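> Please model the complete structure; the sequences and the hints are all you need to start from.
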Amino acid sequence: MDLSQRRFRLAWLYGLALFPVIVWQAMQAVQVSENSPLDWAPADFPARVEYSQFADRFGPGDVVIMSWDDCTLDEPRLDNLVAVLRGSSAFYDGQQWLFDQVISGRELVQQLQKTGVDKSVAVQRLRGAMIGPDGAATCVIVRFTKAGLQQRARLTRLIQMAVQKYCGAKPSEQHLAGPVIDGLSVDVASAQALNQLAVPSSLVVFLVGLWSLGSWRATTIVFAVSLFCQAATLALISLCGDTMSALLIVLPPLTQVLALAGGIHMVNYYRAAAPGESAAAAASRAFRIGWLPCVLSAATTAIGMGSLMVSELTPIRAFGCYSAAGLLLTTALVLFLVPTMLAALRVPPAASPTRARQGWRLLTLFLSKRNQAVVGAFVLIIAVLGWNMSRLKTSVRIETLFGGESRVLADYRWLEDHVGPLVPLEVVVTFDPQHPASPWQRLAIVQQLEARLRECPQVGGSLSALTFAPAGLPLSGGPLPPGGADLLAPAEMQWTRMRLLSQSDGEQKWRVQGFVSALEQTDYAALLREVRSRLQEVVYEQPPGTEKFTIQATGVMPLVHEIQQQLLIDLRASFLLAFAIITVVMTIMQGSVSAGLVGMLPNIFPTVLMFGAIGWSGRSVDIGSVMTASVALGVAVDDTLHFLTHFQRRVEEGVSRRRAVRSALEHCGQAMLQSSVICAAGMAVFALSDFLPTARFAWMMVALLAAALLGDLILLPALLLGPLGKLWQPRTSQPKAVQELVEPQPVEAQPVDAASPIPPHHLRRASRDATRWETH
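All the letters of the sequence shown, read from the start, carry residue numbers 1 to 776 under full-length UniProt numbering.
Don't take each hint at face value.
Claimed, not checked - In silico DSS-like links for lysine-lysine, alpha-carbon gap of 30 angstroms or less: (1) K146 / K509; (2) K119 / K165; (3) K509 / K114; (4) K393 / K369; (5) K119 / K509; (6) K726 / K369; (7) K170 / K146; (8) K146 / K165.
Just so you know, the hints here were simulated from the structure itself, not pulled from any lab data.
Predicted model, so just to flag it, every value in this text is computed and none were measured.
As structure tokens, then:
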């Protein structure tokens, strides 16, 4: 046994020893972690910092809003439910309560009545916030603590059980919404996508791979290696102390299809063996020829994925990190395992079908005649759709996460129809200790701010200290009547308990809540500008010396808006970074800046086509779609490098560009078609997911793979066959090769009598036959 065989056996033994560990770690990683769109922003994200500071003063915004048909102001059973949610040991973990606050509209009306407010007035004050437009329907709001959020799935089930027990509404009859439900729904939908679609995706990949490769043994080898790469990538996540997030759900199938793509290229290199060559020699030749383009394509794809790490949003950054690392690991495993297993199982090398060769020859002939028209059409598409990319907009709102028929959106619609809009816009007005206004004058300023907030047509309801002001308390800002101070002191205590007033070291912060629909197509940026402008007018209207107070708009809506803006910034930054690095790599590999830049045209075509079309249509880009731009750029470069590597090798051997293009198509085209079809089939299964970011990532990857195939099989050969193809022509090329590019060489004719010239149409036929039957 020689040294190489001993090394090979030792590597296999080490791999077999690690296999149980890899499988175990992969199983640990598949546990989907808790997700919430509000948590996608890191702790130091400016809007998140403001929101956290607000939550520290007024309580967290992690709430469950629930109601049902009989949840009305006249339902006495609501009192028992609220008491249970506040005091049951099921909601206490032995050290702290898991709920920060529990309130109902019925209880708030009763509290206002105790302060002398008429019931009709109380209902009118709470309409659009805690009471529906009919003046009867209400809701229960449960605010979770940080500890409670860690158990939100269990606690939500307990809440539903309590509603059924004390109010008689079954879980199917209850309607729940709010940030806690959003995060929980993301958890459920992403876990279902992984559990329900992973196996069908793998089955589809295997069947399409079998159809493409036409060999049970070759397909089984490539498929088994792809599964192992999938497990190794998941194990990497677990070893880094992480678990699956909603966006990492697509990483295992993506890893599998990328492993399959690399494996198919290796199988085609293996099948290109000379007739009579042994399996071991074919495997060695496949590795020798294939390692460079595989490594280069993996590196550029990893650059595309790794560029996502510039994102400010945690799940996108994690996806970029793990996908890039997983791809590099996958490439190493494919290069080592596929050739050795092909040789070990003695899979017979086989030449490409003659019919496929004929198709590539016809394509080469067409592109050699129409290359300028083809390139011009592609450049026009890139220019037009590239301009439309400037119209892209992003969204992480609830309707971009779930389908229109989903339970969570149905509950949102029911609650907004029966109770009121659900997205809070928080306005905080801060008075420093030296502010000259008296407490009741400050209350009058709060009243003005709330009135201006409600003037915005998108604001359907509001809450403030004024909502819970006792009867008889003047709000005009004038002097208090006799006994007014006796009303103000207990009112301030009530406002503090209601999280509408916060006092610390003489500083007062007053809270005004406005509520906006979660489902209407509200332009958050325009609304925030309008709100801030209206509120600033209140400051300007104050008497000299009393205008020195600050107003801040915060809460869920501004945070969502900033996350949406960050998505667009991340899309541009990650794509430009990936493009810049990959372009540098491409220019180095081509040995020419001009050739490298031209070679990037087929690679940017898919991204420009898809995102330009989305911008043109006016649709929003969600968090799943953002990740596809850089990934698609890297994946497109994969096939480009395989094609150009073979093309350059043939050109360096002295053949014409036309024959080099045809040879590259014959050698790489089949593998490019097979890998693209298999990858698209595997990803297409995940387009059935109920979690829209996963579904959009899947169908956009399918479309991008198809566009990349057009770029690599149509645009790239057209570029190489046209005037720009001279950039790849070696300086030492012979005039014969240049002439051969213009017209094919005729067959060598036998000597004939000069008096009997061969008719011109016979010469043309001989020339076509020579072109047809050239093999290289």
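> For each hint, tell me whether it holds in the structure or not.
Comparing the hints with the structure gives:
no., hint, verdict
1, K146 / K509, "holds, 23 angstroms"
2, K119 / K165, "holds, 29 angstroms"
3, K509 / K114, "holds, 26 angstroms"
4, K393 / K369, "violated, 41 angstroms"
5, K119 / K509, "holds, 29 angstroms"
6, K726 / K369, "holds, 16 angstroms"
7, K170 / K146, "holds, 28 angstroms"
8, K146 / K165, "holds, 26 angstroms"
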